[in-house]
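2 protein chains.
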Amino acid sequence: MKNQFFEEKLSGQYRNIPPSFVRSILNVAGNKEMISFAGGLPNPGLFPVKELAESAQSVMQESGPTILQYAGSLGYYPLREWIANRYRQKYNMDISPEMVVITNGSQQVLDIMAKLFLNKNDSVILEKPSYLGAIQAFSAYQPNFYEVDMEANGANLMQVEEGFLNHDIKLMYTVPNAQNPSGISYSEEKRLDLAMLLKKYNQFLLEDDPYNEICFEGDFPAPIKKHAPDNVAWTGSFSKMVAPGLRNGWVVLPPELVPHFDKAKQSTDLNPNNITQYMLFHFLTHNNIDDHLAKINIKYAEQCLFMQQMLKKYLPENVQATQPSGGMFIWLTLPGNICSDELVKRTLKKGVVFVPGNSFFTNGQGAEHIRLNFTNAGFAEIEKGIKIIAEEMEEMQKETTVIA
Amino acid sequence: MKNQFFEEKLSGQYRNIPPSFVRSILNVAGNKEMISFAGGLPNPGLFPVKELAESAQSVMQESGPTILQYAGSLGYYPLREWIANRYRQKYNMDISPEMVVITNGSQQVLDIMAKLFLNKNDSVILEKPSYLGAIQAFSAYQPNFYEVDMEANGANLMQVEEGFLNHDIKLMYTVPNAQNPSGISYSEEKRLDLAMLLKKYNQFLLEDDPYNEICFEGDFPAPIKKHAPDNVAWTGSFSKMVAPGLRNGWVVLPPELVPHFDKAKQSTDLNPNNITQYMLFHFLTHNNIDDHLAKINIKYAEQCLFMQQMLKKYLPENVQATQPSGGMFIWLTLPGNICSDELVKRTLKKGVVFVPGNSFFTNGQGAEHIRLNFTNAGFAEIEKGIKIIAEEMEEMQKETTVIA
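One line per chain: the protein sequences are G and V, in this order.
Heads up, the first sequence is in UniProt numbering, so the first residue is 1 and it goes up one at a time.
Heads up, the second sequence is in UniProt numbering, so the first residue is 1 and it goes up one at a time.
This list has only true hints and no planted wrong ones.
Identical copies go unnamed one by one, so any copy, or any two together, can satisfy a pair.
Restricting the straight-line Cα-Cα distance to at most 30 Å, the calculated cross-link-like pairs of lysine-lysine (DSS-like) are:
1) Lys170 <-> Lys190
2) Lys120 <-> Lys9
3) Lys9 <-> Lys200
4) Lys199 <-> Lys9
5) Lys170 <-> Lys120
6) Lys9 <-> Lys226
7) Lys190 <-> Lys226
8) Lys128 <-> Lys9
9) Lys384 <-> Lys350
Keep in mind that the hints were calculated from the coordinates and are not lab data.
So that you can see chain G by itself, here it is in the shape it has in the complex (with noise of 0.2 Å):
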């Protein structure tokens, strides 16, 4: 009866949120015995432990009763110049501070985009497949998705233009650096011609963009939102770059903008994190970024790699694997007749687990798909975990040979 009570009352727009297989697997994967492949989590090995815990006690003692009041909503302007120097000089963009508005991670951006942009039965582009938080994020509002394929270059964009000429699109999403779940990088030829669509179109990109400092050799290219800046919001993220425990990522929007995202954020939780914000910027100002960078990005090219190798070693000759140049995952495409949801039920097992493509479609799609994440297992831990889920997958071919 109390279920009842709540089962009536619940929005239809709640109701529209898909679940979250990784989350609902996080447990089991914190399970120390469990080999995960699942997560999205960054090497904690990594952190700058030390270098943010004096971050921490400087900006308490230099500024505490400033720090720990109510703060501006759009972020603490030291660090929106910070990121907004970054990146005018990284990629020779039209950056101001005033553009740059700090979120709770990029996640909160895709959150605050959707409730400005997204009418119920709105349009969205979405790449197929798609990072699941933004899957989620966008059908709490219940939009329409027209989905467009993934190639190995970036999404197709004929079916994208197929999408703006004739499906009353409202926003169009991507993750153009190393894709969350396939591992994909857009060239930058296809960031040139998407960036032609959106504004013939007349069409406003969210432009997601977490891994940008993720890069295995040199850099990405230059992100979409330089070639059409007033038709792109992009964002960012510390969460792989520094730490995801500070919660702090960031959005560049066209200036008109700033005040619509700001009004819908407020309304949300009031203002991010100063604490986190302080600590941040006193560490990116104390510090060298870039080295730090290069060791997260050496070691990760690592892990990739050797994941790569015991992928190719124990896996059947008939599965497909994405070649990262970049970010947290590769991405596995099975013969037929193999199901990941019933792979991995196998593999839990065998204590090994690893996201389903399922989760990453909005219809049902992807049974032929695994998300693998390469950054939060060490060497041994990847070669016993990927033997498991080859032996599995042998086992299940070798059962519908039978019953076939």
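Based on these hints, arrange chain V on the given structure of chain G.
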């Protein structure tokens, strides 16, 4: 043309959020020359800066890598346990840690509860006046507001019952203790009666209680939650108890609602700030919070009393003021010929700012009220500020008399 681009794309839900006078004048109020009775800022002189600095240092040293990682979306378990224990003991209520969810201030609870319950055009009962941040958070979900009068001992319950009977209410919202903006607290009897109505009509209440611990003598009566546990979500906040910069609030939910609240919250920002949760828990378990609260309450009671004396000394006799027993605000009712919007324009020129009453109504009413914050100004400022407000009121009364 660029502005038009966004004008055309912004959603109906966003357009429905009213602007915040409070936020828009906070820049002005932040001006050091200005005497501000406008914000809802705690007195920063009372923040336990040294203790929190020590806590920051300790938790970073002891648990750095854990604190800096992604974390559970429900919050840090020991902190949830601390909250459950404190209020189980304080009110002899049945609260387990599993019913407590940590949020980014209690403001986030308002957004998530609205997301969970409110379809477009669902009806919400609000007190008249009501907390501006709640009006804004709810407005983003486009409900209808059904407003009930705030009396000296709480909401008019005949009007509430009339709403339950005839207006298809989805949710009721109340601030039972030292309400923002009126300073009014519910009597014990009214709490019991409202609890009875909730159960009788199978209704759900969001009991927003950020001022629970800001009580000048003894304690406020037990929350409505105690008398109708299945029908109430009860929020609290460390913003007034410790410091707003932590951005740590919470909600105590009926157990069945926890997984729903959690899922809706995850999609907005993944998890609450782990660093400040650890800091706070360390602070709470290494210091005497009751001694700290006693210090705050003595100071605020003095500031409140002094402001009341000044109101009596300077204001025209036909102005009424509430006599809060806690919290941070006094609410004035002006004679009919003084419009508070006009008044604030005049006092701003003389260096004094407050919030005009219509910010706390959803229908443009309230011009005969003003909200005064008493926690963030010294005695000399309070006297000077009230004197200026009184002079401008007298000017306005004279002018309207002449016109009449």
